[in-house]
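Enquirer: Per the working numbering: the sequence shown = residues 1 to 517.
Calculated from the structure, these hints are not laboratory results. Values in this document were obtained by computation on a predicted structure and should not be read as measured data. Just so you know, not all the hints are guaranteed correct.
As the list claims (entries may be wrong) - Ranges between beta-carbon positions, derived for each pair:
{"hint": "1", "residue 1": "398", "residue 2": "50", "range": "45 to 51 Å"}
{"hint": "2", "residue 1": "292", "residue 2": "338", "range": "30 to 36 Å"}
{"hint": "3", "residue 1": "214", "residue 2": "269", "range": "36 to 42 Å"}
{"hint": "4", "residue 1": "340", "residue 2": "270", "range": "36 to 42 Å"}
{"hint": "5", "residue 1": "140", "residue 2": "273", "range": "42 to 48 Å"}
{"hint": "6", "residue 1": "273", "residue 2": "142", "range": "21 to 27 Å"}
{"hint": "7", "residue 1": "222", "residue 2": "140", "range": "31 to 37 Å"}
{"hint": "8", "residue 1": "123", "residue 2": "204", "range": "42 to 48 Å"}
{"hint": "9", "residue 1": "500", "residue 2": "280", "range": "23 to 29 Å"}
{"hint": "10", "residue 1": "485", "residue 2": "222", "range": "50 to 56 Å"}
{"hint": "11", "residue 1": "46", "residue 2": "340", "range": "46 to 52 Å"}
{"hint": "12", "residue 1": "222", "residue 2": "49", "range": "56 to 62 Å"}
{"hint": "13", "residue 1": "204", "residue 2": "429", "range": "18 to 24 Å"}
Even for Gly, the Cβ is constructed at its ideal location relative to N, Cα and C.
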Amino acid sequence: MGKPPRRNKGSGLALASFSALPGRPQFSVKSAGRMTTTPIDTEERARARAAWRIFSVTSLGVLLCFINSSTLNVALPAVTQALGASPTEASWILLSYMLVNTVLILVFGRLADLVGRRALYLAGLAVFTLGSLGCGLSFSPEMLILFRVVQAAGGAAIITNTTALLTDAFPPRLLGTGLGLNASMAACSQVLGPLVGGAMVAGFGWRAVFLFNIPLGLIALVWAALTLRRLESKGTGERFDLLGGLLSLLLLGGLALTLSLGGSWGWGHPLVVFSMGVAAAAFPAFLLTQAVRPDPLVDLRLFSDRDRSIGYASVLLLPAAQTAFILLVALFLQAAQGKGPLEAGAQVSVTALGMMIAAPLAGRLLRHMPAAVLTRIGLGLASAGTAGLAATIGPAMPPLLLMLWMLLMGLGTGLFMTPNTSAIMTSVPPARRGIANGVRSMLQNSGGLLGTALALSIVTAPLSPASRQAVYSGRLAGFSAAEMAALLGGYRAALWVLCGFCLLALALSTLRGRRRA
């Protein structure tokens, strides 16, 4: 009698839907009632040592990418003032990175499966470092946005490969710990980012925020080239889906442009309508081609399992709330409370500190608790933090109360991300881990893009163009009482929308792990 498909205890996600795919992982069965030392134990120890070396490589890449995004959140008012950027240009300095990163991440995820992860990872580090140099030397908003696009291309290659490299490298027993520490490194970067960014802006000017990446990028590139030199570089031998890649660029690019421009330019603006039409036309065409092509860009069987699909949906919703939450707090502290970049950076880092604590803890708890339970706890904490801030935000808000809400958001995000990522990545075979993580990263980035664009639109909607400029620049000294009330109303409305994202993800997570009747 055949055995039923194996299910991962921590994730509840089945491998059965990929039974016909090449590279499906094989599992051994332990003898009942006794533990024996086998050659597999020695092999696992050697694999663990190699995995920790690869972890050191990916940690540098994560540090490079995430510290950059969090420093810019704090430096944005200084950049806006120095370059004379308009409100639209200030938004694009942030959004251009997320847009391009999101558009390219699917393509790079699939390329990693096809041609190997080493070459793509090294190329990503080199391109990101060059983009940082261009950003640091920029003399206009347009030039800065251009090199942010270059940065984004490099960042897409780095982030797409990071989780796949770790999942390939770590033995199953240590995977949760490895992924948790990886998430903790990302959170540590977000803790350091506002502090480093605030100090650099105060001491050396905004250009130092980008030039700081150059020595770090060179160190990461050299260490990765040395450490990954023995890494298997051979791909699957399948062909790259050029048509699927083109359609994904049109779909994601059109969607990102619509979300980015709709709030500030108006949903009836010709470019917004055009980009919306491009996305609407590309979506069914993309689904159709992926269903019929022999080697699709995105294997639609990734969505055949309900629990995996819930994991993907949740990784869209929570980052939509968390990314915008951090940006809104950073702008609020500088614009409404008159904080300097360094002080604002220190307070914003509380959210990332919570993530840094919770992510590795979740990795250890994953050995003893189902992923579904951990994700629900995390989403509940994030919902509480967002709702608390929405209900109490104001110019005279006590700093400790603000830090409490930020800490809850950070703890919730950390408890959610580690088990959710592990659940998704361990439910697919090695030959699909690049694109599986590409889809996860694309949805996470799309969530950040959606949340940021929507939140900024809601916050500034009641304000005049001049007042919007003041918000982005962190200067509200001339605001009237009515304008300040309108701004606070916008902040509250945006935060309640973000809370809604968290609650929707929590509602979906209650379905996770349940067996179908």
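Enquirer: Given a hint of 36 to 42 Å, does the C-beta separation of residue 214 and residue 269 actually sit inside it?
Expert: Because 38 Å falls inside the window, the suggested range holds.
Enquirer: Quick one: are residue 273 and residue 142 within 21 to 27 Å, going by C-beta?
Expert: holds (24 Å)
Enquirer: Cβ-Cβ distance between residue 485 and residue 222: within 50 to 56 Å?
Expert: holds (54 Å)
Enquirer: Taking 31 to 37 Å as the stated bounds, is the beta-carbon spacing between residue 222 and residue 140 within them?
Expert: holds (32 Å)
Enquirer: Do the beta carbons of residue 46 and residue 340 sit within 46 to 52 Å of each other?
Expert: holds (51 Å)
Enquirer: Measuring from beta carbon to beta carbon, are residue 500 and residue 280 in 23 to 29 Å?
Expert: With a Cβ separation near 24 Å, residue 500 and residue 280 satisfy 23 to 29 Å, so the hint holds.
Enquirer: State, for the Cβ atoms of residue 340 and residue 270, whether the hinted interval 36 to 42 Å holds or is violated.
Expert: holds (41 Å)
Enquirer: Using the Cβ atoms, figure out if residue 222 sits within 56 to 62 Å of residue 49.
Expert: At roughly 21 Å between Cβ atoms, residue 49 and residue 222 fall outside 56 to 62 Å, so the hint is violated.
Enquirer: Has the hinted range 30 to 36 Å been met by the Cβ atoms of residue 292 and residue 338?
Expert: Between residue 292 and residue 338, where Cβ atoms are some 58 Å apart, the hint is violated.
Enquirer: Note whether the CB distance of residue 204 and residue 429 lies within 18 to 24 Å or breaks it.
Expert: violated (48 Å)
Enquirer: Confirm or reject the claim that residue 140 and residue 273 have a C-beta distance inside 42 to 48 Å.
Expert: With Cβ atoms ~29 Å apart, the hint is violated.
Enquirer: Does the Cβ distance between residue 398 and residue 50 fall inside 45 to 51 Å?
Expert: holds (49 Å)
The structure shown violates the earlier hints numbered 2, 5, 8, 12 and 13.
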